[in-house]
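All chains, full assembly: derive it from the sequences and hints.
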Amino acid sequence: MSSSNTQEPAELVDFEKRIKISEVWDRDFGSVDTDIALRLQPAIAENAVFAIDTDGDVTAYRKDNGKILWQSDVDMTITAGLGANDDYLFAGTAEGELIALSRKDGKLVWKKALSSEILAVPTAADNHVVVQTVDGKLMSYNTKTGARRWAYQRREPALSLRGTSTPVIFQGVVVTGYGGGMLVALRLNDGRLLWERPVSYSRGRNEVQRLADVDAAPLVAGFRLFAVSFQGKLVALDMRSGRKSWSKAVSSYASMAADQHNVYITDEHGVVRAYDQASGSVVWMQDKLKGRRITAPAVASSYVLVGDLDGYTHWLNTKDGSLVARHRIAWSAIVAQPVVDNDTAFVSTTSGDLVALHWN
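Going by my numbering, 133 is the number at position 133 of the sequence shown; the sequence numbering is gapless.
In short, the hints are calculated from the structure, not lab data.
Note that this is a predicted model, so its numbers are computed, not measured.
Warning: the hint list may mix true and false statements.
Heads up, simulated PhoX-like pairs for lysine-lysine below, C-alpha to C-alpha not over 25 Å straight-line [stated by the list, open to error]: (1) LYS288 / LYS20; (2) LYS290 / LYS244; (3) LYS248 / LYS20; (4) LYS63 / LYS107; (5) LYS144 / LYS104; (6) LYS144 / LYS111; (7) LYS63 / LYS20.
Just the calculated beta-carbon pair ranges, DEER-fashion [to be verified]: (8) PHE223 / ASN127: 39 to 47 Å; (9) ASP320 / GLN7: 21 to 29 Å; (10) ARG240 / HIS261: 16 to 24 Å.
Where a beta carbon is used, it is the ideal one built from N, C-alpha and C, also for glycine.
Written out as structure tokens, the structure reads:
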């Protein structure tokens, strides 16, 4: 559906490299279905990083050196994961099940059959794990027992993108996006609807032109909430009231990143954009990666990190968007959003590589 999937990838350009990227460790965590790789991303907790493959093979590595702490096989086809809290890892299966694994050894603790497929990473906080299914249901489960706490449902449009929004939890509130451009906030304790706001409105002469899904995970920075829709807008709202502060016309289905000043997105064409959080003004745009199917951005100290279809990581200066480094980690595509923990970036590929990178 994205135009970056059909347009010719931009040629890599020469530039002055201003930082050095080094590989700390590189591990093969299993086989990954290319169509699912976008929704399989590493999870980080304390001294470990966890990865799961399409076939249900789970591995825990030491963050600092990549040493394997444990391996487990849940023998299920995985469609989304990993979510994590202090005790458990969470994933969704092709059979429409939510599963919880022990963080200590990867063994299955419980599983629950849901109403339909899970195509977004489960989110855990305060003894709740919240998951969204493709039929429009948002549900909360007890992280320890798997008992359902509450369920909320909206009707989804007849045609929508292949995917759903990953819920975000902040100070007792759950926020998620839906097809048709709607954003909803619910109370975490009981699922009570607090507010709902349109990120954008469906427009066009046919169903494809009217697609306006909010598939990107909402992003919280301070008390601001950011959401972006496909063929729609980027909006900033007050987290508590849902009141809109500003909006900008842009199309994206990829998750966002933020630092103290800016919010960063990759649009459907592969242009990386930085917006001022307070005003919504465009700080910079970097269009030299157009058509390279770049990932959602991650912030790595003073840099924005994205991966691309050829296994390259690209590093941009947060101040002006200029390219400062490029490093290839594999010959296969990077489609999942990189995960940054302090001074290390963890990047996974469609061939099952998990690479830890340092920059200086």
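We went through each hint and held it up to the structure:
Between LYS288 and LYS20, the direct Cα distance comes to roughly 20 Å. Compliance with the 25 Å bound is thereby established for this hinted pair. A threshold of 25 Å between alpha carbons decides the hint, and for LYS290 with LYS244 the separation of about 30 Å lies outside it, so the pair is violated. With a C-alpha separation of about 34 Å, the suggested pair LYS248 and LYS20 falls outside the 25 Å cut-off, and the hint is violated. Distance restraint check for LYS63 and LYS107: the Cα-Cα separation of roughly 20 Å lies within the 25 Å cut-off, and the hinted pair is therefore satisfied.
Simply put, LYS144 and LYS104 have alpha-carbon atoms about 14 Å apart, close enough for the 25 Å limit, and the pair holds. Among the hinted pairs, LYS144 with LYS111 is consistent with the structure: their alpha-carbon atoms are about 11 Å apart, no more than 25 Å. About 20 Å separates the Cα atoms of LYS63 and LYS20, which keeps this hinted pair within 25 Å; it holds. Taken as a hint, the range 39 to 47 Å is violated for the pair PHE223 and ASN127, whose Cβ atoms sit roughly 24 Å apart.
Hint check: ASP320 to GLN7, Cβ distance near 25 Å, so the stated range 21 to 29 Å holds. A beta carbon spacing of about 22 Å between ARG240 and HIS261 agrees with the range 16 to 24 Å that was offered as a hint.
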